[in-house]
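Asker: As numbered in our numbering, the sequence shown has no gaps in its residue numbers, which increase by one up to the final residue, 238.
Any given hint could turn out to be false.
Computed cross-link-like contacts, BS3-like style, restricted to lysine-lysine with a CA-CA straight-line distance of at most 27 angstroms [unchecked claim]:
(1) K174 - K214
(2) K156 - K189
(3) K214 - K189
(4) K189 - K174
(5) K156 - K214
Derived CB-CB ranges, DEER-like [said to hold, decoys possible]:
(6) M230 - N105: 39 to 45 angstroms
(7) G112 - E217: 32 to 38 angstroms
(8) N222 - N157: 20 to 26 angstroms
(9) N170 - I102: 31 to 37 angstroms
(10) I223 - W108: 24 to 30 angstroms
(11) I102 - D221: 25 to 31 angstroms
If you are wondering where the hints come from, they were derived from the structure by calculation, not from laboratory data.
Heads up, the beta-carbon is just placed ideally off N, CA and C, and yes, glycines get one too.
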Amino acid sequence: NISANATWTQNGVTIAGGNGVGGATNQLNYPFGLFLDDDQTVVIADMWNHRITQCKNGDTTNGHVVAGGNGAGKGLNQLYCPTDVLIDKETDSLIICDWANSRVVRWCRRSGTKQGEILIDNINCYGLAMDERRYLYI
C-alpha cells in the first residue's frame, strides 16, 4: 500500500527533443507513438515531421532519422503523419502505422535503407502491437 502522503524524488532525463518544436534532429514535432526496445533504443513516430527517429541509450543530444524524413507523401521513401512504430527483432525492421496514407509499412533497419514496403494498404490505423508469436495487432 502506498500512503496518501507518499512523495518521491523526480529524476528524469530528456532523451529526445527538448529543444522546442521543429524539424532538426534534436527536435520533434508532435511525437505521437514510441517504442522502447530491450537494448534501451527508443523509436519515435514524429507525426508532423513525417518521420521515425531513433535514440540510443546514452545519446541524449540528437536523434537519427531511420524512416521517412522526405516530406509528407505517398512514396515508399515517405511517410505521412506516422502515429505508431515498433521494432520487429525477427526481421530487424520497423513496423510503422502510416496514418494519413492509410497503410502499415515495414522499413529494414540496416544502414542505407532508403524506402519501406507496404504490408497492409487501405487501413485506418492509429496504433500497433506485436505479440511473442509475431502476430501484429492494428
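Asker: It remains to establish, for every hint, whether it holds in the given structure.
Answerer: Results of checking the hints against the structure:
For the suggested pair K174 and K214, the alpha carbons sit about 14 angstroms apart, so the restraint of at most 27 angstroms is met. A C-alpha spacing of about 16 angstroms is found between K156 and K189, which places the hinted pair at or below 27 angstroms, so the restraint holds. At most 27 angstroms may separate the alpha-carbon atoms for a hinted pair to count; K214 and K189 meet this at roughly 19 angstroms. Taking the CA atoms of K189 and K174, the gap is near 26 angstroms; set against the 27 angstroms cutoff, the hint holds.
For the hint linking K156 to K214, the alpha-carbon distance of about 20 angstroms falls within 27 angstroms, and the restraint holds. Between M230 and N105 the C-beta distance comes to about 41 angstroms, which sits within the given range of 39 to 45 angstroms. Evaluation of the 32 to 38 angstroms hint for G112 and E217 yields a pass: the beta carbon distance comes to about 37 angstroms. Separated by about 37 angstroms at the C-beta atoms, N222 and N157 break the suggested range of 20 to 26 angstroms.
Range check, N170 to I102: Cβ separation about 48 angstroms, and the 31 to 37 angstroms hint is violated. Between I223 and W108, the C-beta spacing of about 41 angstroms breaks the proposed range 24 to 30 angstroms. In this structure, I102 and D221 break the distance hint of 25 to 31 angstroms, their C-beta atoms being roughly 47 angstroms apart.
The structure fails to meet hints 8, 9, 10 and 11 from the earlier list, while all remaining hints are met.
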